Amino acid sequence: MSGRLEGKVAIVTGAGCVGPGWGNGRAISVRFVEEGAKLFAVDLSEEALAETVERVREAGGEIETRLTDVTDTDAVRAMVDACIARFGRVDILVNNVGGSAAGGPVELSEDAWDSQIDRNLKSVFLTCKHVLPHMDAQGSGAIVNLASTSGQRWTGAAQVAYAATKAGVIQLSKVVAVQYAPKGVRVNTVVPGQLHTPMVEARLAGQRSGGDVDALLQSRVKRIPLGFMGDGRDTANAAVYLASDEARFVTGTEIVVDGGMTARCD
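Numbering-wise, the working numbering puts 527 at position 52 of the sequence shown, and it's gapless, one number per residue.
These are calculated hints, taken from the structure and not from any lab test. Some clues are possibly wrong.
[Said to hold, decoys possible] List time: in silico BS3-like cross-link candidates among lysine-lysine, alpha-carbon distance up to 30 Å:
#1 K597 with K649
#2 K604 with K658
#3 K649 with K604
#4 K597 with K658
Predicted model only: the values in this text are computed from it and were never measured.
Throw the hints in and build the complete structure from the sequences for me.
The structure is reproduced here in structure tokens:
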């Protein structure tokens, strides 16, 4: 039985992870190759990619890696060209690069604001800019962008730049989806909520709870009607569906992966 992404070539940005375990990019990478995709894995750090490469190869997948700053247009163009040179096409683009910075408009520095815009939103713009001509020429393609429930509602902390950029990702996806629908290209967004990924231990606990990981985990679980936190594999399963031909009639929309959190009004 063939996989749901059999024979497709997928670029996944942010395919590494800040620590061991199932971050979104790593989980998406592994699930994609499990479903038959050929993987072009992109990250800024070779160290972050190491476990991803290991897990992909354990799954029997074909992987090519490239270190790229996806906020640099020349680097992104070269990255896409390298994927085409290696695999001959690109069928799927997953934009998973991003990160949060704490603070409202008074507390957040202008440099931090600019960095968040570049990392979370400009990166999506640039990869779309350089991938879409190839998908247009093919007459097919699927783009899956990762946003956050912080782009839809308050999620427990003032992070104005992160929230604004993730809301921007959702709307960017809708505009590109409508523009490129006649070209056979679909564009959708996965909106993860309070997940337990390696980012919790590596960064978020220091930002939110003075380094107390258990306190942060407990506060996050309290917001989730299902009573537990998902991880990167839950994000990955949504991305597999949106990238696959099963979603052939799905474009310009979002799948929220949050255990019911955004459905609550409190």
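Self-check item: Agreement of K649 and K604 with the hint, judged by alpha carbon distance not exceeding 30 Å
Solution: 15 Å, holds
Exercise. Take a quick look at whether K597 and K658 sit within 30 Å of each other, Cα to Cα.
Key: 23 Å, holds
Quiz item: Taking 30 Å as the top limit, are the C-alpha atoms of K597 and K649 close enough?
Solution: 16 Å, holds
Quiz item: Given the hinted pair K604 and K658, is their alpha-carbon gap at most 30 Å?
Solution: Roughly 15 Å separates the two Cα atoms, so the pair holds.
In this structure, none of the earlier numbered hints is contradicted; all agree with it.
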